[in-house]
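Protein chains in written order, with the working numbering: chain A, 170 to 488; chain B, 714 to 1004; chain C, 390 to 859.
Fair warning: there could be bad hints in the mix.
Stated by the list, open to error - Distance windows between CB atoms, simulated: (1) Leu918(B) to Leu208(A): 16 to 24 Å; (2) Asp524(C) to Phe475(A): 33 to 41 Å; (3) Ala800(C) to Thr795(B): 24 to 32 Å; (4) Arg295(A) to Glu663(C): 18 to 26 Å; (5) Ala809(B) to Ala460(C): 32 to 40 Å; (6) Arg481(A) to Leu918(B): 50 to 58 Å; (7) Gln554(C) to Val334(A): 54 to 62 Å; (8) Ala460(C) to Ala480(A): 35 to 43 Å; (9) Leu394(A) to Gly835(B): 16 to 24 Å; (10) Leu271(A) to Ser846(C): 18 to 26 Å; (11) Glu342(A) to Gly835(B): 45 to 53 Å; (12) Arg481(A) to Val748(B): 50 to 58 Å; (13) Leu918(B) to Gln298(A): 42 to 50 Å.
Please keep in mind that the hints were generated in silico from the structure rather than gathered at the bench. Glycine included, C-beta positions come from ideal geometry on N, C-alpha and C.
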Amino acid sequence: MSAPSLTPSTTDAPRRTLPRRAGPPPSRDRFTRSLRRNLTAHAFLIGALVCFAVFSWYPMVREFGLAFQKTESGHTRWVGLDNLTTVVNDPAFWQAWRNTALFTVLALVFGFAVPFVAALVINEFRHGQAYLRLLVYLPVMLPPVASVLLFKYLYDPGYGLLNEVLRFLHLPEQQWLQDADLSMLSVVIAATWMNMGGAALIYLAALQNIPGELYEAAELDGAGLLRKIWYVTIPQTRLILSLMLLMQIIATMQVFVEPFLLTGGAGPEGSTTTVVYLIYQYAFNFNNYGAAAALGLLLLVLLAGFSAAYARLSRADDE
Amino acid sequence: MSQRTLISPAQLARPRGKIVYWTVFAVVVTGFTLVFLGPLYWMISSGFKDSQEVVQTPPTWVPKSFSPGNYSHAWEVMDLSTLLLNTLYYAFGALAFQLVLDVAAAYSLSRLRPVFGKAILGMMLATLMIPATVLVVPQYLTVLDVPIVQRNLLNSPWAIWLPSVTNAFNIFLLKRFFDSIPQELLDAAAMDGASPMRVLWSVVLPISRPVLGVVSIFAVVGIWKDFLWPMLTLPDPSKQTLNVGIYSLSNGVPVNVLIAALTIASIPTLLLFLVFQRNIMSGLTAGGLKG
Amino acid sequence: MRTARLRRTRRTGAVVVVSALALSALAACGTSSSSDDSGNSGSGSSDPAAPLDPKTKVTITIDCMPPAAKAAELKEWKEDVAAFNKTYPNVTIEGRSTPGQCLEPPRFTAMLKAKSQPDVFYTYFTDLPQVLDNDGAEDITAYVTDKTVPALKDIDPNVLGSLKQDGKLYGLPTSNYTMGLLINRKLFRQAGLDPDNPPRTWEDVRAAAKKIAGLGKGIAGYGDYSAANTGGWHFTAAVYSLGGDVVDSSGKKAAFNDAIGKQVAQNLHAMRWEDDSMGKTQLLKWGDLQKQIATDKLGMFLAAPDDIAYMVQQLGATYENFGMGPIPGGKNTLAGGNNYMIKKGISGDKIKAAIAWLNYKNLTVGKGQFDWARTKADKLPVGVPQPNFWLGESKKQDDAARTANATMPVANFKTFMDNPVAGKAEPPKAQEIYKVLDNVMSGILTDKDADIDKLLSTAESQVNQVLANQ
């Protein structure tokens, strides 16, 4: 058997029929044993649990508190919904949500599809696979801030390389980051360049595990290239695809460095202001932690709803 | 290892198939080379340009001027070795913490099944959906004054290490892997009277190497990429990470020196990668993450 | 039963190992960053007005020490510490430095929240409300007297005024600025313009910018910011220059959506799009225009004179190349500056040591930053008109020393010096308003079809909201 994969392998199917433990007499004090088992289990858990409690769950609870508080001249007081009103009335509020939605869509199209297609293509080659894999993964090894600053230089409409390439190809020059319609896309392209390596390699591994017979069978049915992809490749990599989709969504929501360094965060006419950047602005430029927390809370509620939906969908999918 | 893939060997063997294959191959190899090495060439070569040429419109493909002094200047003003050592210290410390605590937690959730185990896992996974930036404010306030023990972790590696343990994704990966280990293996060990610790150590971990490789890479890359959190929690310049150090530098030096600095900062990890690429690649690809 | 016990102990072993790791991790990190106040020996007098006893043994931490990139200033800093230690041998000055800007707003905010600022910390004049909100600075009114700061009476009261709230003093200035028009003399000459006569009106700026941009090679005539809140800062400066205001006198309403605001916006839009004299690269923030002008890619921009020292030292520019005129329009000019404050709650002796050091380094004519002979010897620019917060006798002495050691031709600054423009402080809630005005700037400079009226009226309602949310 090869190394166990992430999918529950067929070998563990019969485990439920096995007695959980063939050891000591069952009768005596079941309670003590279960207590002991639980003590052990929690002992293994405690380290991570403490970290989660202190650095994740407690801050989450605190976020709720902060959202309804205000600090002035060193005094903190409860202000009810004041912070929420402030945030919702901020003219940048709706723009930030629109931008975040746009960014998510673009990031999914690029960040999710591009590495998959790249992996699909690389996997077909009988030569040079190692070289191509190396290339794709190379940017992941650069310090991210260095990559972003490099892209800022590449994107410069005057002395940047990208416009020079366009000139060379006799294509119209672009303003890239400085064009309100193009700025978000430019950020996403840079982010994809930087981050696609890991995803592409994971897809590649998944593709190499697809049994060849499946393709042969599809060919016997007269399936063309696209049908083979649709009916064999995608179903066979479905699990990894959905896992990576989840990761990609999470990563998208976290994005901060790229817009922060490429467009100064806000972008031309506020076109790259995301909700997350707005939170950052409140907290660290306007010294208004209350408003930052209130906006964070809104995002939290939205994402909670989103993940509940995701969980429901994926469960329905499993059955 | 010639494996059957999407396109059938028969199709490729035909003359037309061969032509198409080699054309696509040539286009893709050239394209990838330009896309992935082009920016790197641009970075290294621009680092040699003088301050005029580097911001010249239109830019020059090959440097006309040659100022290697940029590199020595960049080296002087950027304390690369400190920044790099700091980053590695944080990254591998975080890795150690995650390997010990997250593996133990995932093992417990997967195999020891404590009461509330499901709820705990659910709460852990819930944190995945919350962007780090959203929690950065309360998390930051927490680090300033950690509850119960009343410590301020600012400027200390603990501010990086401990929060890194809350990596629900890694716990999730580990747990799924542990779930798939055949129960008979563990039962056999348990029957010999091995404690859970011993089962974990001598049965589970040895067969978990692939997933441990993936988790390790994710852990290290996570710290390597982080920017806002270390910028806030490690304000002391002598404790900064590479990312934050480069960012601090970006406003203080001319463009050509900055680009030279970017090149210098990229070299150590690129070298590391080229040397260990086999291990890293196989860690990522062969490692457990299969469809 | 032996095996059972063994099993149990092993299991407890596991418990201990894992949980100990977690708990000790939390407990064992001895990293309280709050600086210990035990450094003082208590020998000093408790009277705040009394100067520091030279025997006092105390360590003070201070930020914004010049970084390695500012080699010359770092050398001077070390010399000054050594000289200071001759009088106060037991005072240890522990400097911290950051490459780039000393004050990074997010880090500064975080630092105040954490109360992790060093004993003596660097701020901008506009930071005072934020510092006080966080209860971060010591009231040093009683400590600052003509004994501890002998030149006190000659410091411009306007400058000191920006460090006071409710009559209490919270900081000591290091420098002040008023904005002017910084020009690249080389490009002026090449474009056939007179570098000794920088443009004085915005129409002249536009005409000159067009000529300079005509030189080609990606050279821009005029440059301006539009990101990271610095765009709004410069928009404010431009509005001030024409006698306008950003916030009205009540402090409750935006005041820039008027003829003056439109004039500023239209002029910039025309320069960018009709004349194409502002270069292609926009979304610039502080530091970017300096890089451009230092490499002769930019003709002029609004700046404070102390930018020149930054450009010479860190960007390798030659100082003869720069000159300065008063702000075009000349009605008012944005005035600001930076200073050091002292952390609230540190010991009296530390406060005294801090004031003694700041007095030596920043507030003594002929010493520290005003030792112009040394500045000249270190090949830094001398003759830049600011920082200059002196009045009376001190001003006379300092001006004489500047002239005597000038490395920059004083003529380069003649029009700036001869035509002083009244300084005007930044608006309330400056950073939030600047963020809104950044959008106006980026709209004008990145969108050829920008609707100026709409940009301004949107910004107006946004600023009104910012001001209403106090």
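So, going through the hints one by one against the coordinates:
1. Leu918(B) to Leu208(A): 16 to 24 Å: holds, 22 Å
2. Asp524(C) to Phe475(A): 33 to 41 Å: holds, 39 Å
3. Ala800(C) to Thr795(B): 24 to 32 Å: violated, 45 Å
4. Arg295(A) to Glu663(C): 18 to 26 Å: Violated - the Cβ-Cβ distance for Arg295(A) and Glu663(C), about 58 Å, lies outside 18 to 26 Å.
5. Ala809(B) to Ala460(C): 32 to 40 Å: Once the Cβ atoms are compared, 39 Å apart, the range 32 to 40 Å for Ala460(C) and Ala809(B) holds.
6. Arg481(A) to Leu918(B): 50 to 58 Å: violated, 35 Å
7. Gln554(C) to Val334(A): 54 to 62 Å: At 55 Å between Cβs, range holds.
8. Ala460(C) to Ala480(A): 35 to 43 Å: For Ala480(A) against Ala460(C), whose Cβ atoms are near 58 Å apart, the range 35 to 43 Å is violated.
9. Leu394(A) to Gly835(B): 16 to 24 Å: Given range 16 to 24 Å: violated, Cβ gap about 42 Å.
10. Leu271(A) to Ser846(C): 18 to 26 Å: holds, 25 Å
11. Glu342(A) to Gly835(B): 45 to 53 Å: holds, 51 Å
12. Arg481(A) to Val748(B): 50 to 58 Å: violated, 39 Å
13. Leu918(B) to Gln298(A): 42 to 50 Å: Between Leu918(B) and Gln298(A), where Cβ atoms are some 31 Å apart, the hint is violated.
Of the hints listed earlier, those the structure fails to meet are numbers 3, 4, 6, 8, 9, 12, 13, in rising order.
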